[in-house]
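Trainee: Residue strings, one per chain:
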Amino acid sequence: MTYDAVVVGIGVAGLTAALRLAEHGRRVLVVAKGVGSTHLAPGRLDILGYAAGGQRIERPAAALGAFLAERPDHPYARVGARTLSESAEWFRARLGYVGSADENFLLPTALGAVKPTAVVPPSAVGGDLRTGGRFLIVGLQGLKDFFPALCAANLQNAAPVRARAVELHPPLGGEHDVNGLGFAGRFEDEPFREAVVRELRITFAPGERVGFPAVLGLREAEGVWRELEERVRTRVFEIPTLPPSVPGIRMFESLRSALRAAGARIVVGDAVVRARTSGRRVEAVVAEAAGRTVEYSGESFVLATGGFASGGLELGSDGAARETVLGLPIAGLPPHGERFSPEYLGVQPFARAGLAVDERLRPLGEDGNVAYENLYAAGATLGGAEPWREASGEGISVATGFAAAEAIVQSTAR
Amino acid sequence: MSSVRETLDHCVKCTICETFCPYSKATPLFPGPKYVGPQAERFRGTEGSPDYSLDYCSGCGICTQVCPQGVKIAEINSQARAELWEERGIPLRNRIVARPSVTGALGTPVAPLANLTLRARPARWALERTLGIDRRAPLPRFAGRTFQAWARRRRGPQAASGTVAYFHGCSTNYYEPETGERVVELLEHNGFRVVVPRQGCCGLPLQSNGDFPAARRYASRLAATLDAAGEGAPIVSNSTSCSLMLKREALEILEVDDEALRRVSERTYDVCEFLLGLHERGELRTDFQPLPLTVPYHAPCQQRGHGIGKPALDLLALIPELRLVELDAACCGIAGTYGLKREKYEISMRVGEELFAQVRDAEPDLTACDSETCRWQITHGTGVPSVHPVELLHRAYGL
Ligand code: SF4
Ligand code: SF4
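Residue numbers (my numbering), protein chains in the order written: chain R, 1 to 414; chain Z, 1001 to 1399.
Just so you know, not all the hints are guaranteed correct.
[Said to hold, decoys possible] Capping the alpha-carbon separation at 27 Å, the derived lysine-lysine pairs in BS3-like fashion look like this: (1) Z/Lys1013 to R/Lys144; (2) R/Lys115 to Z/Lys1013; (3) Z/Lys1025 to R/Lys144; (4) Z/Lys1025 to Z/Lys1013; (5) R/Lys115 to R/Lys144.
Keep in mind the hints are simulated off the structure, nothing from the lab.
Small disclaimer: the values here were computed from a predicted structure and weren't measured.
Given these sequences and hints, build the entire structure.
Mentor: As C-alpha cells, this is what we get:
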C-alpha cells in the first residue's frame, strides 16, 4: 500500500505526527514494533521544567530563549517558540487538557517530589502546590508501589503545604494484588466508588484537597473524578503512579481512536528493520511480518522510533552507535570512556546523543547534509536534549511530531 | 534453548503486555502475560511448570504484538502449555476439539442428525458433563457437504492469467463450504486458475490444546501437500489462523524443521492480503456494485498476528455505499477452542463483551470478520450474522 506518510513508532511523537497529518487529510500509516512509552509515562505534557543549570522554570515559553542560548542543539531550537506553543495548544485541545506553554503547574509525584508540568488532564490540577494548603493523600490497600505516608511526608518537605496520609480498604472481592488498571476498572463501578467515598468521609477534614493515585477510571475517567469531587465536596486530584500508568493509557487510547476516526491505518507488532531508498529518497520501510518481510511505501516518512531505551538508537558492544532503521549517524556521542558519569542521577554526557536534524527535522547524514529529502525525525530519536533533567520529554515529542507533520504538509502541498 | 525462549531476556518489566491482555482482565484465575510468560518461564526447568494458571492464557497473541522489546510472550506460553499437558496428560476433551478434520469427517455424512443432536438440550448437557464443553458455547453446524466435493466437480474457466493454490482449512471444508466457493469464484473472476489439492488439518487446534507431537505431524503433512501444489504459485487461504500456522507458528512455536514448510511459509497469503496486493498492482477488478449495508469489521487476533495491517478494510472500502466501521475491541473471546470449554466459557464471554457492545452500537446489517470461530462467537454474542470479507466482495461483484 502506498501512503502519503508512513510514521514509524507509536509513542507520543509518532501519534502526534500521524494525527496531525491525518487532520490535514493525508493518508497515514503508523507502523510500530510494539506499544511505546505512553503506557509508562504520566500522560502529561512536560515542556520545560528546569533550566540548563538546574533551576526550576515557572514560565517555559518565556524561559525558552535563555535556555536555547545554552543548548543550541536542542530540538526546541529547530522547532521554534511559536510552533512549540501551537503544538501544546493543539495537544491540550485534542485531549481536553488544561494549561499552556506559558506557565507550569507544580504537581506532586507518587514519591512526594514536585514536578513542573505545563499541560495536564483536568483531574491533575487540584494537586497544584503553588498555592499551598492542606492535602490528604489517599492510598488504596492492594495497590502496589503507592505509599501515601511517604508521599505526604516528602511533600511537606518539598513544598509549603501540610499533608497527611490515609489508606482506604475498598472491597477487592478476595483479590490481594490489583494493578492500577484493575483499580481503574473498579472505580467505574458505582458500589466500589460508594465504598471509597464512605470510608474517605470518616477521615476527611473539610478544607483538605484529596490526592488519589491516578487510577480513577479508564474510559469514564472524567465522570469518575467529577463525581468524587462532588461527593466529597472538595478538590480531588490524581497523582501519577508507577507503570502501568492509567493516565498514559487514557491518553494513548484517546489519540489512537482519533487516528482511527481520521482514517489512519495502524499496524502494531511489526518491527521496521530497514528501508528501501533510491538516491536521496526513502521509497519504503521494510518490516518483519509473519513468515516474510513486508514493505510499506510512502511519499514521506517520520522516524519516531525512540532513543536507546526503545531501540530507535543502538549502542553496540564495540562502542559504535547508530540509528536502527537506516543506520543514520548519531551526533553528540562523547568519546569512549567519557560517556557515562558514575553518578546515576548526575549529568550523563551520553544523554544528549541522538540524530542531528535540519530546521525541518530531517536527519543529517555523515556529510552533514540532509540524508533523505523525505525523511523526518521526531521525539526521543533526536539528540541535543536531556528530557528527564529538563522535564521536557513529552514536550519534545509533541513539538517535534507536530512540526514534522507541518513540514511534510508544506513540502507536499496539494 | 529455543529461539522463542531466548527472547525472555529482553523483558524490561514495563507491564505494557499486562495492560493489553484481555483475558487477565476478565478473570483473576489468570495473572497475566508478564507473570506467566517471561517471569514464570525462568522457573520452568526440568521440574516442570511452577503453576497451572498458564492454562488460562488463550494464546491470542496480543501480548506479543504490543511488547516493545520483542519478547515472544504468547509463544513462550504456548510451548510451556504443551509441556504442562505432557506432564499431566491431555484430557479427552482437548483431544477431540483439537481434531476438526476428524470430527468434520464423522459429522458430515450424518449432518442433519448431528446438527439436531448438537442443538438439543440433553445432548449439550451430556457434552458438558462428559467432555466439559460448555452447553452454551457456539458450536458450528455441519454443512452436510464438503467444499472438497464441490471443488472436485467444478470445472473452472479455461483461460487464466495466473495460478493460485487454495488452502481452505477444515472449517471451510466441513462447516462453511460456501465461503470456499466464494473464494474460488472471486479468484477466477480475477483471472486465476485455482488449484485445490486434497488437504488435511494444519495442526493449530492441536497446538493450542497442547499436543505438539501430533500438531507437528499434521503441519508437516499439510506442508508436503501444499508444497507440491500449483508449481510454486501463491497459496491463498481464508482462514487467518491456519495460514498464520503455515506462515510462522509451525516454524516458531512447534519448531518444525522442514524445508517444504519453509517454502510453503513464504508462498502463503491471507486472501485479503493477496487481493489487496493485486489491487496495488492495478490487477484487481473493481466492477463492484453498491452494497448499501452497515458492516462493522473486526480484525481477529490471529489476523493481526500476520503483521500485514488490515487489508480487508482497504478492500471493502472499494465497494460503493458500504458503510464500514472499524471495530477496535481487542478480542471476541473465543480464541479457537478456548471459549468452548466449560471452565472458560464465561471468561470468554466477558472478554467478548466490549466487542459485542461495539457491534450493537453500530446498528449493523451484518458484521465482517476473517476468522470462522470468531464469526460464530460474534453472532453468538450479538445475534448479528457475521461473514468473511470475501462474502461481501463476492456479492458486490454480483457473482
Ligand atoms: S511488554 Fe514485553 S518487556 Fe514489557 S513486561 Fe511485557 S514482556 Fe516484558
Ligand atoms: S496470548 Fe493473549 S491471553 Fe495469553 S497472555 Fe498473551 S494476551 Fe493474554
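Trainee: Decide, hint by hint, whether the structure agrees.
Mentor: Against the structure, the hints:
| no. | hint | verdict |
| --- | --- | --- |
| 1 | Z/Lys1013 to R/Lys144 | holds (15 Å) |
| 2 | R/Lys115 to Z/Lys1013 | holds (25 Å) |
| 3 | Z/Lys1025 to R/Lys144 | holds (17 Å) |
| 4 | Z/Lys1025 to Z/Lys1013 | holds (18 Å) |
| 5 | R/Lys115 to R/Lys144 | holds (22 Å) |
Violation of the numbered hints given earlier is absent; every hint is satisfied by the structure.
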